[in-house]
Structure formats: structure tokens, C-alpha cells
Amino acid sequence: MFLKKEHIEGGGSIIILTGRFDLQAVVEIGDEFTSQVTEGSGVIIDMRGVNFMASVAIRLLITSAKQNAAKGGRMVMYGADPLIMESLSVSGITKLIPLFEDYPAAVAAVNH
Amino acid sequence: MADRLAIESRFDQLRLLSDWVGELAARQQLTPAVAYRLDLVLTEAVTNIIEHGGGNGGDHRWIILEYQTGDQSIEIEIRDNSKPFDPTAQAEFTPPDSLHEATPDGRGIHLIRKYTSGMHYRHDGECNILTLTFESA
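As you go down the protein sequences, you meet chains V and H in turn. In terms of our numbering, the first sequence opens at residue 7 and continues consecutively. In terms of our numbering, the second sequence opens at residue 2 and continues consecutively.
Hints in this document: simulated from the structure, not taken from any laboratory. The beta carbon of each residue, even a glycine, is placed where N, CA and C say it ideally should be. Hints may be right or wrong, so weigh each one.
[Stated by the list, open to error] Derived Cβ-Cβ restraints for the label pairs, each shown as a range:
1. V:Gly17 to H:Asp20: 17 to 25 Å
2. H:Asp125 to V:Ala111: 50 to 58 Å
3. V:Gly17 to H:Gln69: 52 to 60 Å
4. V:Pro88 to H:Thr95: 20 to 28 Å
5. H:Gly107 to V:Ser19: 28 to 36 Å
6. H:Asp87 to V:Asn57: 25 to 33 Å
Produce the complete structure using the sequences and hints provided.
Structure representation (C-alpha cells):
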């Protein structure tokens with residue numbers, strides 16, 4: 007799995023993920039992901055390049071989002087594949103970390 | 002492809018599992034949605050065995066998966082020689098209403114329950130045997 011961080015005009019950052027988000031990915035990029043998204047700022051997770059998501063990845067998202075929220079930040083996601091969207095919804099994640107269809111909606115939400 | 006996959010009970014074996022599921026899906030001409038759910042459920046089930054069964058480098062622990070197909074279903078039997086662990090006995094997961102209340106664990110078995118039409122566990126004295134049934138159509 008690959009992780010890339012970019013800054014959003016107006017504040018916050020976007021984390022672009024690409025690949026299979028499973029245990030091996032969590033081992034590979036987990037620490038970097040956590041450090042990049044827990045600064046207490048607005049964070050958008052770009053899910054367009056993610057083709058699989060296991061519950062260990064959901065665990066990483068929740069722990070990171072909680073740490074970020076504790077510092078006053080907000081995490082949202084956008085662009086998930088419909089099958090990943092379904093498993094996120096079944097897991098109750100979309101109530102905790104809002105998931106949007108497109109980038110403008112995610113930016114509007116994170117800067118709200 | 003083999004109807005059977007034998008792996009060691011280690012996290013670094015999980016990609017072998019997903020490769021096997023991909024071959025199974027192609028052979029059985031599963032829809033992308035069924036193939037994805039099958040991959041997810043088996044990943045969760047095997048991860049639980051490694052995590053809760055004392056695997057991931059433990060002494061000669063193995064996991065064997067075998068499948069058989071029915072008219073509209075696929076049945077997967079997962080057999081392992083790790084510590085007894087019954088996923089069917091785990092409490093039902095209740096999704097939290099807020100991030101503040103959320104705990105990170107419990108979603109793997111929840112996903113298995115949601116995406117299978119049957120989940121049965123038994124221990125034969127030596128092995129855990131978990132049987133999962135999927136609707137394939």
C-alpha cells in the first residue's frame with residue numbers, strides 16, 4: 007500500500023491511499039498514517055485507490071480519528087469503492103468518520 | 002487451482018490466502034461482489050485464528066482451508082491446530098453512535114456474520130473447525 011500526503015488549500019491535509027488495506031498494509035504504513043493524521047487538524051482520506059479493506063484497517067482509522075478528534079481535529083473520507091463503502095457501513099464506521107462521494111463535499115465537511 | 006490451501010499460522014501468510022480466494026473466484030465465476038465478500042470474510046476468519054489462537058510464529062501451527070460448492074452456495078471449512086477459539090460464541094457487535102464511544106475491536110466477526118449465511122464451529126479434540134457458508138448467486 008502507498009500513502010501520500012498533500013495539503014489542502016484553506017487548511018488541513020489529504021491522505022491519498024493506494025492498494026490493499028489489510029494487515030500487511032497496516033504493518034507497512036500504520037505508523038506513518040497515524041503520525042500524519044493525528045495532529046488535530048482537518049484530514050481527508052482519499053479512498054479512490056483502495057481496492058480492499060480489512061477490519062484491521064478500520065481499527066487503524068478509528069484509533070487515528072479518535073486521537074485526531076481529541077486534539078480538536080476532524081477526519082472524513084471520500085471516494086470509496088461501493089463494496090468497501092458497504093463494509094464500512096456494515097461496520098458502523100460511516101457514522102463515526104463521514105464518507106463522501108466526491109472531493110468538494112469532503113473539503114466542505116472538513117473545513118466546516 | 003487447489004481445492005485446498007494449507008498455510009502456516011502467521012500474518013505474513015494472509016496474502017497467500019487472498020491469492021487463493023482470487024483463483025477460487027475466477028474458477029467459480031463469482032461476481033465481483035461475492036468474490037470481495039469472500040475475500041473479506043476469509044481474511045477476517047484467518048486473522049482471528051492467528052491473533053486469538055496464539056499463532057504468528059507459534060510452534061508449528063497451521064491453517065487448512067477447503068471448499069466445496071453447492072447449487073447456489075460455497076462452503077468453506079477452516080481447520081487449524083491453534084488454541085481453541087469459537088468465533089460464534091463472541092458477543093454481538095453493537096455499532097457505536099459516536100467516535101467518542103467507539104472501540105477499535107469487534108468488527109471482524111461482525112463482518113463474518115453479516116456476509117455469510119451460515120457459521121458453525123466445533124472442536125474435535127485436536128483442531129478448531131469453522132465452517133462458513135456463502136450464497137454464491
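Hint by hint, here is what the structure shows:
no. : hint                             : verdict
1   : V:Gly17 to H:Asp20: 17 to 25 Å   : violated, 42 Å
2   : H:Asp125 to V:Ala111: 50 to 58 Å : holds, 52 Å
3   : V:Gly17 to H:Gln69: 52 to 60 Å   : holds, 55 Å
4   : V:Pro88 to H:Thr95: 20 to 28 Å   : holds, 25 Å
5   : H:Gly107 to V:Ser19: 28 to 36 Å  : holds, 29 Å
6   : H:Asp87 to V:Asn57: 25 to 33 Å   : holds, 32 Å
Checked against the numbered hints given earlier, the structure breaks only hint 1 and satisfies all the rest.
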